[in-house]
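Numbering-wise, the working numbering puts 533 at position 533 of the sequence shown, and it's gapless, one number per residue.
It is worth saying that the hints were derived from the structure and are not from the lab.
Ranges of calculated distance between the beta carbons of each label pair, as one might list FRET restraints: (1) Ala211 <-> Gly317: 23 to 33 Å; (2) Glu551 <-> Pro510: 20 to 30 Å; (3) Pro888 <-> Leu617: 41 to 51 Å; (4) Ala661 <-> Asn507: 29 to 39 Å; (5) Thr890 <-> Pro768: 14 to 24 Å; (6) Gly353 <-> Tyr237: 23 to 33 Å.
As the structure is a prediction and not an experimental result, all values here were calculated from the model. Beta carbons are placed, not taken as given, at the ideal position from N, Cα and C, and that holds for glycine.
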Amino acid sequence: MTSSTTVHSPLRLYGRSGEIAILEALLGRLRAGEGGALVLTAPPGLGRTALLRQAASRYLGGHGGPVLYASAAPTEQRLPYSGLHALLCSAPGPLPLAPDTILRTGIAPGALLALMRALGARQPLLVCVDDAHAWDPDSRAALGFAARRLGAGSRVAVLIGAADETAFAGLPALRLGPLDDDAATALLDRLTEGTADIDPVVRAELLREAAGNPRLLAGLAGRLTPGQLAGRTSLPYPLPGGESVLDAHAAHLEGLSPDAHTLLLLAAAAEEHEPDGAGSDAALLLRAGARAGLSTAHLDRVLFAPAGSAGALQRAGSRVHFSHPLLRRAVLHRAPPGRRRAVHELLAGLLGGPGPAPLPALVQRACAAPGPDAALAEQLEEAATAPRPHGERSAALARAAALSTDDTLRAARFTAAAEQARLAGDTGRARAMLARVGPHLAGGAAPYVRGMLALRDGPAADAREALLTAAELLAPHDPRRTLDALFGAAEAAWDMGDAIAYLDAMNRIPVAAADRPMAQYRAGMCAVLAGHPDRGHALLRCCLDSADRAEDAAELLRAGACALVLGEVDAACRAGARALAVVRTRGPEALLPHALEQLAYAELRSGQHARARAHALEGLHAARRTGQRNSATHLHAVLALAASVEGPAEACVAHADAALAGAGPHGLTQAAMLATWAVARADLAGGRPGEAAARLGPLVRPGPGTGHFATRMLAVPCYVEAMVLSGRADEGAAELDLAVQEFALWSARTTDPQVRAQLARCRALLAPGEEAAARYEEALAHHDRAGGDFERARTRLLQGQLLRRLRRTREARGPLRDALVAFERCSARVWAARAGGELRAAGEAVDAPGRNGPGPLAGLTPQQQRIARCVAEGATNREVAVRLSVSPRTVDHHLRNVFAALGVRSRTELARLLDRGGRARLQDRDEKNRADL
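The whole structure should be built from the sequences, with the hints applied where relevant.
As structure tokens, this is what we get:
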């Protein structure tokens, strides 16, 4: 027996690095003489066969032993031992037992085990069986028996590919999942090499339709023309190319009875008028099954016992679902057209009633239509209106488009279907509908939908241009959408941080078409950005006041924006909460992430950090669910700001990194600025003012290419604090003076209650000793009127640091103690740790959070502990002196004593000592947590 068996090497496998590593480990153990078994399970098309072939190819190419490889032949499933016969026939040399003998007499499971062990005794043997679920039962049973008993020293490894592990229970199993987005995208790029660039909408539709199935993706992409791939011509509806995958799914149901097939077809057809993933109504299936002549006993057995449908149907309450989405499509695909139309007609009759047919009945009639039907398409379009959910309306409009005989009407209905899908929060379906609209038939509605999609999930500049184009095309005949397009273009410019582009879009809004609050909002925002704040604020206040009677979510969101520009943060929270309530009650689902984002940002401005974090997390989940990456980017920035107050620092950095990663490609300047500000504020809390100043400097400077025009002033107080605490106030005096002057002008125009206190705090930081003390008292008086723990605590912290620097240590303890308590009260843990450190340095005993226990620094004074930690973090003596408000000579004196007390001779040894102590405490804490659990 030789190892000359030929197995074709497959193309590169995408997204399977983890599975390949598991197979490589199995092959490595086999080469070393250790056997084993593994079952690869997956629905058709996910790459099970490709993995088996690659494993066999690599084993042969890596100087391994022989390989037995067989794939099932479904036509031989009723022939006993045909599977094992095919497997043994793949042997490259003579066997102790002739394969033909097995067909005549069969083989006992123990004999198969002995044969495998005998073959493995010569050379390590790899056995690969693909589609083992389609083998004859005798071969499956014998193979499973042998594989379970191939342990250490057997020198035989068995790889089995099957739809599921039912027939091979007890063996290790590895279930393949769909490809992730990155792997599917890379595969699509490989499949379309040599063609023009794929249109982004077409790419998204192919990836959505394939749902991570590589074989299906290859089939879909292979059936499109270059023009369709490039977006020059519309896509067919539905997409062709998935027939082989659907046939493979349908093959699993071939052994079912005719009645079971009828019920499966009814269940598949009954989902056509339901939203994606909703399943079908069990009561409707019972009525339809009875009408189709199925017995009650059969219906109960199939609907209530999964075995009755070979596991194809699963019941959850009053809903019935297919075990795999492609299985439902496979049932419809394999049914004869006449029978399928009859089932749809039956369901349409059950769903209908006296009077006009309801939308579900019309959808079923559309599914039964043998070809285009203009009258039925018109009925569907008329029925696809409120109060039906947006998702159902989208599905009905898509059916109407497919039935349309006129190209222009078809394009308009696909566009309307895309708009309803967008409102339902189904970004993928919306783009899929747009892909069916030819460029020459797009009109103004398609650019409008495309721009609104890009506003939440695409480059902001692209969204702005698409919406401006849509506004021009829609202006003659659709004033409402024209207004929405121009407001959307303005919002895109705002996200970009382009004030000129914002004004351009707002100035295009026709005053005559806008209602009074809308006109006030437009005029007020334009006046503020044009340098007329008094007139602008008066108009915005009128718009805000009129929102008391508003019941429209968009109007309430505009009112919240007015309140934020005015600085009335409490009013912004109220408007945001009302807008969120309206969206939750009436929709649309697509607006939920934006409503949560605006409310969370308003709550941040008002100091309600915990509440802001809760709303932002909910918004992030909603943004991911609805495919709105831009909204997710903004919400990550809000969460970074919340974490810069509450901690931990790692959460702040993680959210900021996510925000910056999304903001860069899509040009979201505001999100990028807020994320950077958040990290800088966390730097301040962690005692790293130099890093904070470096981050904030570019944000607060005026002019293009710096911070966002509407939010950069918010970061000025942190910038002033960072520059002063890092010892750079003198070298940056001119820039600091300019920033504070601009902040003072802005504070005179806003009603934000915290801003005047922050201005007094900035002036205190820049003032000499006694004048600074008076400025801090002024800031505290403003805080007393404004309320809010966090900002007041920051002022008290800086006041205490000033008093320490003036050698008024006993007097400093009061402000520092107040700061510590206030930070703890508002859950600002990182800031509380900083205040506690200052208080310990002032001579008051305070427990260090997370630093309880003996530790290496237990024998040092509080000031020595602070200096040791700063030095271990890499700070120079001068940086430590600035951070702790002492002189460099004092730092040097304490550091010598620290080295002597700890028995270390360098900063490096000190850092290593603290790192070991920290790890030991973490280990002790983890052990305690495990004991508590």
